[in-house]
Amino acid sequence: MIGAEDVAVRPVVPVVDDVDTGGFFEAAARGELAVRHCGGCGTDLHLPRECCPHCGELSRTWRTVEPRATLYSWTVVEHQVHPAHPTPYTVVLVELDDAPTVRLLGHLPGRPPLTVGQPMVVEFEDVEGVRLPQWRPEEESDRA
Amino acid sequence: MPEDTSRWTPGATSIVGVGATDFSRSSGRSPLTLAVQATRAALADAGVDPRDVDGIVRCDMDLVSGPALADSLGARDLTYWGEAGPGGSGPAAMVAQAAAAVSAGLASTVVVFRALNGRSGNRYGLVGERGAVGGDGSYDEFFLPFGMQTAGQFFAVVARRYAHEHGMSVDKLSEGLASIALAGRAHANNNPAAQFHDRTMTREDYFASRMLSDPLRLFDYCLETDGACAVVVTSTERARDLAGGAVPIVSAAQGTGPGVQPGLMFPALLRPSTPSWPSAATAPTLFGRAGVSAADIDVAQVYDCFTITTLIQLEDYGFVPRGQAAHLGEADLTLGGRLPINTSGGHLSEAYIHGMNHVVEGVRQMRGTSTNQVTGAELCLVTSAPPPGASALILGVDR
Ligand SMILES: [Zn+2]
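Residue numbers (UniProt numbering), protein chains in the order written: chain A, 1 to 144; chain B, 1 to 399.
Rather than coming from a laboratory, the hints here were simulated on the basis of the structure. Owing to the predicted nature of the structure, the values given are computational and were not obtained by experimental measurement. Glycine residues also receive a C-beta, built at the ideal position from the N, C-alpha and C atoms. Treat the hints with care, since some could be wrong.
[Said to hold, decoys possible] Computed list of lysine to any residue pairs in SDA-like fashion (alpha-carbon distance at most 25 Å, straight line):
#1 B:Lys172 x A:Val19
#2 B:Lys172 x A:Ala27
#3 B:Lys172 x A:Glu138
#4 B:Lys172 x A:Leu114
#5 B:Lys172 x B:Ser273
[Unchecked claim] Simulated DEER-style distance windows between Cβ atoms:
#6 B:Met61 x A:Glu50: 19 to 29 Å
#7 A:Gly42 x B:Lys172: 39 to 49 Å
#8 B:Gly368 x A:Glu125: 51 to 61 Å
#9 A:Cys41 x B:Ala294: 35 to 45 Å
#10 B:Gly336 x A:Pro88: 34 to 44 Å
#11 B:Glu204 x A:Arg111: 34 to 44 Å
#12 B:Ser24 x A:Glu66: 46 to 56 Å
#13 A:Cys41 x B:Gln324: 29 to 39 Å
#14 B:Asp136 x A:Pro88: 27 to 37 Å
#15 B:Lys172 x A:Pro119: 39 to 49 Å
#16 A:Gly129 x B:Pro10: 51 to 61 Å
#17 A:Glu50 x B:Ser103: 44 to 54 Å
#18 A:Glu140 x B:Thr200: 28 to 38 Å
#19 A:Glu26 x B:Ala331: 22 to 32 Å
[Claimed, not checked] Per the computed footprint, the stretches of chain A lying under chain B, defined by three or more beta-carbons under 8 Å from a beta-carbon of chain B, are:
#20 10-19
#21 35-42
#22 65-78
#23 81-87
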């Protein structure tokens, strides 16, 4: 177990400049949600990589999608493993409304009430200069 | 599905010896020492001189290399070494690779081993302070920063989705998960080598155990173990003349199925269906090569890093229809039940040797020497875990 007293509590930030996945974090930095999209056959490719398993094309094209999703599943983490993520917290797995084959994760503090299939929206979080698309339940005001 | 054009010969090779170290929380020994001890035990069981070992297959996550183990055994010449994985999806595939090496004439006496200090050494599921995470094909950048950092958290998300897709409450699912935990524990209570040999468990104990990653509790999780297991593979013809005798490898298979995703474990959350594993693709290959079906299996050692892992595999291998594994009781899964599983206690209650202790116990069942012997058992399934891929064996009785 990593004790909080043993290490400086630093957030867990992603590599944002990987040749295959960097486009996702570049878009997030602009406040957009983007998915890897094959120019050859129109398939969304998540996890992002250059080679399309459907048509064989190598490309690095991305498309911007609506930052809306539906809840696929989740877990409430009660046992802490990293000091940057105090428990309890909830990890949500969502399916994008605009790209239903694409699932993304999000972090929510605590134990919010959730139901599979409920609408979720993006809320960008800035962590040490990196912008992460997080997901929270849609509220009344989001539909305005 | 295209015709399987591979030419597997059922029972051409056999496991002739098995060995294990003690299972503990702190071995005080290096993984190399553990590997040597388990391997020497397996070779003694087989009746093979360690100098005659000419092949070794390791798990890709092992700290011990094939040549290093051969050197420590005093082997004269290693003519074949290989590895399979990732991790727990390896052991059955490692045995398959040994069988392939023997059948192809690359080696005659192949050791398959797994050694780890899983408790006192490198424990799994700890995200260290290592700067930015992900990249280079790991795809960790889509998981770790969002708090998805351990296998337990991963399997918890899968478990909740399983309950949703089958229209059951998570509490109902937990009843089924409890049955798997209880079956393993009951078997461990009869196995003096098991880490939980002296610790009984009731259904109430299961539900009272601490929630770690909802809906998974402490007793849905496997043990963390220091120890090693090894087996010796040779031709069935030769095994018959050795002290250990032949436990024929009736079938062996690996599988991914389509759309398996790159990366290691977490990317399995992005597959079209999460409550089903590559084991569903492995099953028809495995049974097809043996010419048997799930109904012919007498006893099964089903990889159980978590209870949900086992539950889903019981459906993937066709023992029960989709959505029905959660309705099994522990009586179905223990001695005298419809399918006794994990008769050593498995990962949940014997030890976590990353799938290798399941192979050893499978051999014991076919020899008739298990501490939870299934009377008259002639076919034993041994599975090695999804999610990155799956592998499995069917072991038999030489006649
Ligand atoms: Zn394409």
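ask   = Among all the numbered hints in the text so far, which are the ones the structure does not match?
value = Hints 1, 2, 3, 11, 15, 17, 18, 19 and 21 not satisfied by this model.
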